[in-house]
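Spelled out, the chains give:
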Amino acid sequence: MKAIITVIGHDQVGIVAKVSAKLASLNVNINDISQTLMQEYFTMMLVGEWDDKKISFDTVKKAIADLSKETGLDIRIQREELFDAIQKL
Amino acid sequence: MESKQILETIRMISEENLDIRTITMGISLLDCIDSDGAKSRQKIYEKLTTSAKDLVKVADQIESQYGIPIVNKRISVTPISLIAAASDDKDYVAYAKTMDKAAETLGVDLIGGFSSLVQKGYQIGDHRLIESIPEALNETKRVCSSVNVGSTRAGINMDAVKQMGEIVKQLAAIDPVSCMSLVIFANAVEDNPFMAGAFHGVGEADRVINVGISGPGVVKRALEGVKGESIDTVSETIKKTAFKVTRMGQFVGNIAAKELGVPFGIVDLSLAPTPAKGDSVAEILEEIGLQSVGAPGTTATLALLNDAVKKGGVMACEHVGGLSGAFIPVSEDSGMIKAVSHGNLNIEKLEAMTAVCSVGLDMIAIPGDTPATTISGMIADEAAIGVINNKTTAVRVIPATGKKVGDTVNFGGLFGSAPVMPVNKNSSADFVNRGGRIPAPIHSFKN
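Taken in order, these protein sequences are the chains called A and B.
The opening residue of the first sequence carries number 0 in numbering that gives the first Met the number 0; numbering runs sequentially from there.
The opening residue of the second sequence carries number 0 in numbering that gives the first Met the number 0; numbering runs sequentially from there.
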C-alpha cells in the first residue's frame, strides 16, 4: 500500500528524524520525500509504502496520530489514489 | 505529483470544508410488495438491513483511509405509495416506522422514499400515503418524505398542490421542525442522493450508489484569487474548481460501489452549503461582486455559478445525475441567513433565483398564520417555474407555528436556523380551490 504523509508545523529540531524513525519502526519504506519552509511553517511530504498484509493502514494511522500528539505537529496520512484522482486527468 | 498539488488538496479538505456530503444507497422495494401489509413491512426491513449492512462501515473506512469527510450515509427507497398500495392498510405510518427502524439498525442518518408521484393523478396508495405524512414524520426520526405534484410532461396537479398546502400546515401544527423532512417537487428526479427529496425511481437498478458532493468554500477561496478580473475568468475559475471537487465524488463513489458490490449510479454535482462559516453559496455570489445576496445581479451571478459548476463537473465524472446545481436553502447557509436577517433578501427574490439553479424555495420559515392556500400558491408558482423551464423545482417551507416575522426557528446541526420571512398577504384561495390540472406546456409535445 502507498500513502502520502504530510507534516506541517512550526520548525523544530529533529522533525525528519522523528517521523522517519517512526516509519522505519513500522517497516514503512520512504519512496520519496520533499521538504520546504512555507512562511514560518515547516512542510514535509513523504510517499510511504508498506506491505498491508503484514501491517494494516489503521495501525500505521494510529502510530502517526500518536506521533502527531507527541510532537504537536499536524501529521496526516492519506492513501495516494485520492490525490491522483483530484489532480490528474 | 507536485508538493503544491498535495498541499492544495489538503487545504481544500481541512480549511475550505470540501467534503462528500452524502453517499446514498438506492434500494428497490418492488420485490417487497405483498397484499399483507405486515408481511410487506417484514420484507422491507429484511431487504434494507441486508442490502445496506456494510454502508456505514465502508463509508467510515473511506473517510479514514483517504482523509475525506463523508458527512452523511443515507438510503433511498422506491416510493412507498407504490409498495404499500397492494395492501389493505388504511394508513401507511407503519411503513414509515419500519423504514425508521431499519435506518436506526444500520446507523444511517436519513432514509428517503416515503413518497408519492401524483403529477397527473392519484392512485389509492397516493391518497393513503399523503394523508399519513404528518403522523409518519412526527413519529419517526430519520424518515424523509416527498411528493411530486407536477412535471413538464404532465402539467401541474392542482388538487395535489391544494392538498400539500394543507399537509404542510398540519405537519407544522404538530411540530414545525418536522416540515424540513417534507419536499414538494415538480420534475422530481429518480436518482437524487440529497434529502429530504431522495427516492429510488422505478427505472433504477435493484441497488445503486449515488454520491452528492459539496464545496462552496473551495469555490469561494478560488474566486478570492481572481478579484476584479473579468466574468470570463470567474467562470473559468469555477469550472476548474468544480472539476476537482467532482473528481473526488467520482473517486469516492467508485470505491464505495466496489467495496459494497453495488453498481455506481451518479455523482450529483451540487454545491450544498452548511451553516459553517465559509461553506456558503451566498458568500460565493458576494465574492463575485454583490454587497449582499439579494442585490440586483443576484440571479445573474447565481446563473453563472450554476452553469459553470455543471460545465466543470460534467467532464470529471462518468455519469452526472440527481439535482446537480447550486442549492440555496436559507437556514443552511450562513450568508443567506445574514441577508434575510438584514432585510436584503426576500421570498420573491429567492423565487427568481430558483429559476436558474437547483432546487427551489428551500428551508424557508414563514409566519405560522400563513394560510394553507397561500402555501399552495407558493407551491404552484415553484412548480410552474419547473414545468415551464424543464427543470426540477421544489418547496420546503416551514410555517413557524406561533411565530411571526423576525422570530427564528432552530433546526439544529447541519440544518441551521431560519429567520421567519414575510409572505405576501393577498389571498390565493379562489385560485387554489378551483382544483383540476394545469395542462402540460406546449413544449412537452416533442414526439
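None of these hints come from the bench; they were simulated from the model.
These numbers were taken from a predicted model, which means no experiment stands behind them.
Warning: the hint list may mix true and false statements.
[To be verified] Lysine to any residue pairs mimicking SDA-like chemistry, simulated, CA-CA at most 25 Å apart:
hint	chain 1	residue 1	chain 2	residue 2
1	B	Lys56	A	Val12
2	B	Lys310	A	Ser24
3	B	Lys310	A	Lys21
4	B	Lys239	B	Ile9
5	B	Lys390	B	Lys337
6	A	Lys87	B	Glu223
7	A	Lys1	A	Gln38
8	A	Lys60	B	Val225
9	B	Lys3	A	Ser24
10	B	Lys337	B	Pro295
11	A	Lys21	B	Glu62
12	A	Lys68	B	Arg10
13	B	Lys257	A	Ser24
14	B	Lys337	B	Lys310
15	A	Lys60	B	Leu6
16	B	Lys3	A	Gln86
17	B	Lys3	A	Phe82
18	A	Lys60	B	Glu7
19	B	Lys390	B	Gly435
20	B	Lys226	B	Glu130
21	B	Lys56	A	Arg78
22	A	Lys61	B	Gln60
23	A	Lys60	A	Leu88
24	A	Lys61	B	Ala294
25	B	Lys348	B	Ala294
26	B	Lys3	A	Lys53
27	A	Lys53	B	Lys310
28	A	Lys21	B	Ser427
29	B	Lys390	B	Lys257
30	B	Lys46	B	Gln64
31	B	Lys239	B	Gly260
[As the list claims (entries may be wrong)] Interface residues of chain B toward chain A, partial, derived using beta-carbon atoms under 7 Å:
hint	residue
32	Ser2
33	Gln4
34	Thr8
35	Tyr65
36	Val70
37	Asn71
38	Arg246
39	Phe250
40	Met420
Beta carbons: idealized from backbone N, C-alpha and C, even for Gly.
Cross-check of the supplied hints:
no.	hint	result
1	B:Lys56 / A:Val12	violated (40 Å)
2	B:Lys310 / A:Ser24	violated (47 Å)
3	B:Lys310 / A:Lys21	violated (45 Å)
4	B:Lys239 / B:Ile9	holds (17 Å)
5	B:Lys390 / B:Lys337	violated (28 Å)
6	A:Lys87 / B:Glu223	holds (23 Å)
7	A:Lys1 / A:Gln38	violated (29 Å)
8	A:Lys60 / B:Val225	violated (37 Å)
9	B:Lys3 / A:Ser24	violated (29 Å)
10	B:Lys337 / B:Pro295	holds (17 Å)
11	A:Lys21 / B:Glu62	holds (23 Å)
12	A:Lys68 / B:Arg10	holds (20 Å)
13	B:Lys257 / A:Ser24	violated (32 Å)
14	B:Lys337 / B:Lys310	violated (29 Å)
15	A:Lys60 / B:Leu6	holds (19 Å)
16	B:Lys3 / A:Gln86	holds (11 Å)
17	B:Lys3 / A:Phe82	holds (11 Å)
18	A:Lys60 / B:Glu7	holds (21 Å)
19	B:Lys390 / B:Gly435	holds (22 Å)
20	B:Lys226 / B:Glu130	violated (52 Å)
21	B:Lys56 / A:Arg78	holds (18 Å)
22	A:Lys61 / B:Gln60	holds (14 Å)
23	A:Lys60 / A:Leu88	violated (28 Å)
24	A:Lys61 / B:Ala294	violated (50 Å)
25	B:Lys348 / B:Ala294	holds (9 Å)
26	B:Lys3 / A:Lys53	violated (32 Å)
27	A:Lys53 / B:Lys310	violated (44 Å)
28	A:Lys21 / B:Ser427	violated (71 Å)
29	B:Lys390 / B:Lys257	violated (32 Å)
30	B:Lys46 / B:Gln64	violated (29 Å)
31	B:Lys239 / B:Gly260	violated (31 Å)
32	Ser2	holds (5 Å)
33	Gln4	holds (4 Å)
34	Thr8	holds (5 Å)
35	Tyr65	holds (4 Å)
36	Val70	violated (17 Å)
37	Asn71	violated (19 Å)
38	Arg246	holds (5 Å)
39	Phe250	holds (4 Å)
40	Met420	violated (38 Å)
Consistency note: the structure conflicts with the earlier hints numbered 1, 2, 3, 5, 7, 8, 9, 13, 14, 20, 23, 24, 26, 27, 28, 29, 30, 31, 36, 37, 40.
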